[in-house]
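Q: For reference, the chains in residue letters:
Protein chains: 2
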Amino acid sequence: MKWFVVFLIFLSMKMLSLHSAPSTSTAHNSGTLLTGLDRVKDWENMAPGVWRARIGDSEKELSYTDLAARSPRMEALNRLPEVPFPFAKEPVSSLCNDGLVHVRIPCGADESIYGFGLQLDGINKSRRVLDLNVDHWARGGGRTHAPVPFYISSKGYGVFFNTARFIKVHAQVGNRKDSPNNPTPVDRNPPPQEPAKGPWMAQPPGDAVEVNLRGQGVEVVVFSGKNLLDIVSRYNLFCGGGAMPPLWGLGFWHRVPASFNAEQSTKEVEEFAAQDMPLDVLGLEPGWMTRSYPCTFEWQKHRFPDPAGFTKAMFERGVRLNLWENPYVSPEGKLHKSLEPLSGSHMVWLGIVPDLMLPEARQLLCKHHADEHVSIGVSGYKIDEVDGYDQWLWPEHAVFPSGTPAESMRQAYGLLWQKMLLEELFRESNTRTWSLVRSSNGAASGMPFTLYSDSYNHAEYITGLSAASLSGILWSPEVRGAGSAAEWLARIQTVCFSPLAMLNAWASATKPWEFPEVTDQVRAAIHLRMRLLPYLYAAFADYNQKGIPPIRAMILEEAAPTPVVQKADEELDDVNNPYADGGIRIIEQNDQFMFGPSILVAPYYGDKSQKREVRLPKGDWYDFYTGEFVGNGSSIEVATPERTPLFVKDGAVIPMLAKAINNTRNAYGHPLEVRHYGKSSGSFALYEDDGNSFNYENGEFGIRELSFVDGKGSEAIAKSGPRLFGDVSSWVQMGN
Amino acid sequence: MKWFVVFLIFLSMKMLSLHSAPSTSTAHNSGTLLTGLDRVKDWENMAPGVWRARIGDSEKELSYTDLAARSPRMEALNRLPEVPFPFAKEPVSSLCNDGLVHVRIPCGADESIYGFGLQLDGINKSRRVLDLNVDHWARGGGRTHAPVPFYISSKGYGVFFNTARFIKVHAQVGNRKDSPNNPTPVDRNPPPQEPAKGPWMAQPPGDAVEVNLRGQGVEVVVFSGKNLLDIVSRYNLFCGGGAMPPLWGLGFWHRVPASFNAEQSTKEVEEFAAQDMPLDVLGLEPGWMTRSYPCTFEWQKHRFPDPAGFTKAMFERGVRLNLWENPYVSPEGKLHKSLEPLSGSHMVWLGIVPDLMLPEARQLLCKHHADEHVSIGVSGYKIDEVDGYDQWLWPEHAVFPSGTPAESMRQAYGLLWQKMLLEELFRESNTRTWSLVRSSNGAASGMPFTLYSDSYNHAEYITGLSAASLSGILWSPEVRGAGSAAEWLARIQTVCFSPLAMLNAWASATKPWEFPEVTDQVRAAIHLRMRLLPYLYAAFADYNQKGIPPIRAMILEEAAPTPVVQKADEELDDVNNPYADGGIRIIEQNDQFMFGPSILVAPYYGDKSQKREVRLPKGDWYDFYTGEFVGNGSSIEVATPERTPLFVKDGAVIPMLAKAINNTRNAYGHPLEVRHYGKSSGSFALYEDDGNSFNYENGEFGIRELSFVDGKGSEAIAKSGPRLFGDVSSWVQMGN
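Those protein sequence lines, which keep their order, are chains A and B. With this note's numbering, letter number 354 in the first sequence gets 357, and the count goes up by one each step, no holes. With this note's numbering, letter number 217 in the second sequence gets 220, and the count goes up by one each step, no holes.
A portion of the hints provided could be inaccurate.
Identical copies go unnamed one by one, so any copy, or any two together, can satisfy a pair.
Claimed, not checked - Derived pair list, reagent style DSS-like, types lysine-lysine, alpha-carbon separation capped at 25 angstroms:
no., residue 1, residue 2
1, K200, K549
2, K340, K270
3, K514, K611
4, K158, K549
5, K180, K340
It should be emphasised that the hints constitute simulated quantities derived from the structure, not laboratory data. Only a predicted model underlies this, so the values are computations on that prediction, with no experimental measurement involved.
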């Protein structure tokens, strides 16, 4: 009963945008408060394992959940078990001073901290100082395309700072003089007579995650759960659940060079067919517009004389169009005049910056996008340049007519574009989109947009798949080029196990058959992705309904082995670095990840060794291709660069298309091969809907339960609804 | 009369710390104001070429001039000619919004902007975004040991933001949509049918220097003058004039390894004598203390059983001691208990951080330093770690008992230590110091402290000499080690033409004779510095009394040639960098500089080529060593790595010690050789005082005018006072 009341209050507050004091609160008042800090005590229990506190005038600030795709999935959250509040012993505290809001979250020196968004250098962010600013990826300082202010701790809780401000994080860095947990100082230069008391540390471990941000307040949401995956899932459910792609979004994507015209694009599509290469989405780059950098969003008729005819002809080949754009409006565009008064004080590349907090601005943009693109069949966008270096975007002192601080606009601009296109464009036409965006942030799990980057380090790109899974975002390790056939193949293999499998040839003009010596293996990798569509689509349904990330870091596996931790010296170039002995950073290998409920992916880097180590979690694991047992909690070496190393959990049931297809329209009604791995019984909930509309949100979906017991497969209808795939044509016990 | 009134008002405000509205103001009200901005109009004319405006409640913020070594040199400033206010046409404007203070200074796209402190990547900061935060040197982002918020423009003015806050600078970056000066956008992807209208620019030039900072306000001081040197000099005079070293500070310095004891240190000094190598100051590193990192400031008796005896014995050899320390107080130190309540909320390396804004804290520290060090003869300090990465120092949300914001403490902590040691320790004992510090900031010209860095790039170190000269700071390209004899020699040569000629062997244990094959040339370089003492000491007197930096960037020479400008791609590692054509940075060669009034220094880098180009300003230039004419406004190649390429202006008179000495005590009464270069008549004002006390501030100094007319030298007393050097023993017309 209590939770139902909380839920109703929550919903009514959301709907009415009221920000009254919470009428249901749980005070957690134990623990000693440090000098000068205020105890954060009004923790509102929003749902099982979810508590919220407001510090300062947080309701005056833009929150990420205000921009979420959907309101919290309260039904799903309320089905989850209650868990204890993680800060019952030591209090969370705060201080508003000198225009800064400071929050201090207790954190033991022995805890590992993970998350903070798309941090491509590794998911472990223990003992770091981070600037969580939307920016190009900045190699470890916190600045990145999606600096989501959400972290999880190995001790079993998560913390979300739900306010669109630049946030400075001191994660276990800093020692207050009144803390009871400070280590004892160690002299760096004891005389020989005195025995050393231990290694001197350049960074003595701190006992808190301390953050500060500018503004009037901050909303803090704390999550707990039975394990790390449960915590991340509750975060995603609180943010409205995960995005549900249209089926075609999971096919293969290709982006043509920036200056391609309709004829060249058509020829490229024909080449894909001639090469027996899958293709579902063709991406057009800046040249499709009359002006780009800044943009007009209008078709360049020199290159595309008949946009509607071109789009229709493509669609008849099964290929949807995705259009590149950046948000900055050219003075030569039709929209400029009406948007000019609705834009910020500063321009980007001499284009005005629409203030998307103004409904009028969004309406103008959406009407244009609907009339010129979506109405003729354009399926989505690649929203570029919403991250951007300081020297490209607007300064913090810029002014927007809505009164939204420029800093909040920097943090949320990618989110605002996503929300506008999702809610006011695609939902209006009841057509799902699957799109790309260069920046995102908190509470974004419901956004059907995948992040990408100009950075191009393959190890970082693989790490991104793990990092994204901890923060409710999606990431594509897009392929652009390679220095060798081995690297090319490895990159293609990696991207085929991502939310958006794309070759982005806008500048490189590469095609999947760029290295003929590996073209068959490239084709096989893409075909395998196509065959796995039923499996992957259901994994996304779990993201949507249960908050479970479809592609996940290994630490979210309950039985994941301890990560391999390496110590690395600080990056100081001093020949006589005084801190070489003290500046330790933790680097974890994030070079393998989970794909859907039961497949472990361990991509190759494409280096010369042509082999790699795979660390298997506890439990019996089987080779995906052969069904052979490979290990349990052990490390194995693989040396099969011709195909992605894939390993399957004991008991896993994996539905696949019976044959490879080159376009997702051929998945409709396609017979299924259902595989079973290992000895334990198992089942798979095959999710199906119409593959393209939002009707699933009204319950228009079906679930077939595919089970294997004693080596024998069977099917049952768990929920009747639309059918998408065909009947099961073969039940295969792998390894036999 | 008017200026006298302004001066009195200024002085009384300084003394009474009153911040009343200015009673004398000059309003500059012309020009068009941009939308939403406030006109900055109450420009108070402080002195000829100096105007001040207060934006917001700037008096509530800590200002750099509050921490200056001395009050403005009004007598000297008032002797300078009036010049027009540089922003009479286009207004300076401001906006206080969302907790930020924004100032917009008009700036044409054709102006070059120089300065912003110790920016080791070059002095030209046009078209950059900079974070002016005290930090380790961060390779171009603005963060550096001394991020002085002062810049000068090629159009002939300077701007100083006199508030201790982190400042974000957009120098000619950013285009307001209402600016009348915006360039026309250029499409990045025009179809072939359309001719390109010009190169697309990733960063269209802006028409202002826009800054923002947190806080309640900012004081802006504008300078103008007849040329760039005049502007910098007025800035230095406004900040109290330049620091005057004791004569011994200009001798040669050596720092011994961190763990050295008294015996080892004594042996090292004996070795210098045996090698005929100059030595005036010996630096002791952390091991002299009972505890370091954090510090006790107490002598480690295991290593130094008799500090007073050791110091005295050193002094008898002519060698003064300089002690390393960082400011963070160990709990094992005597000072800890009394300083604990006078320290900030956060520790550094588990040592408390004294709040130097509290007089009690300063008194405790100074009494200890006086009793334990200065009273026994310690000559100065090396104040380390007052810069520091975010993960080492205190966070912005730290709290100090004085109420000073943590951010202001980060910006000013190095300054606070300098001021405390200068005013409350050394001035108290009427003994000058010459010391080292790792951070500084605005209005620091009067501080007898030289900056140093953990970075060790020789090109950056040479650039630092130019950069420092634009911002009222001093810089030592200290030598620590080298990969080759050529590099070793080149580095020694460079440091000998700096404010503090030091070999810092704390970790490397190197000695000047590290590479025997160049030891004679190393000795010659150091001996030349010693012989140039009369010349360099007078150059510092000009810094002190006229604000003229003793070591200067070439752009401060009136007839400096146009700097060599190179274009460099943005540092993007993308294999298909979309901005490679647009992201242009300006790089200038800052590889030569002026040393004193008339010597141009062009150091070698010590690379394999063993030669370099020298760009001579207009005017006749002569080889320092031979007196031969070398060029006029031309570029020449030199290939004499055995000695530093030095070139002298036509007419220059250069007083030198007649012979090389190994200790500055031998400079007292030493006969002089006075050289003359070229054909024009010339003279040199030889400054002399007691070399060690502050009595010169009371006029106790003398000036001998050394002149050469028609090839004949003569001496006259321009101001009678103490004598330091001996009589002129030879007048030398060079080149004869």
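Q: Output the indices of the hints that this structure fails to meet, ascending.
A: 1 and 2
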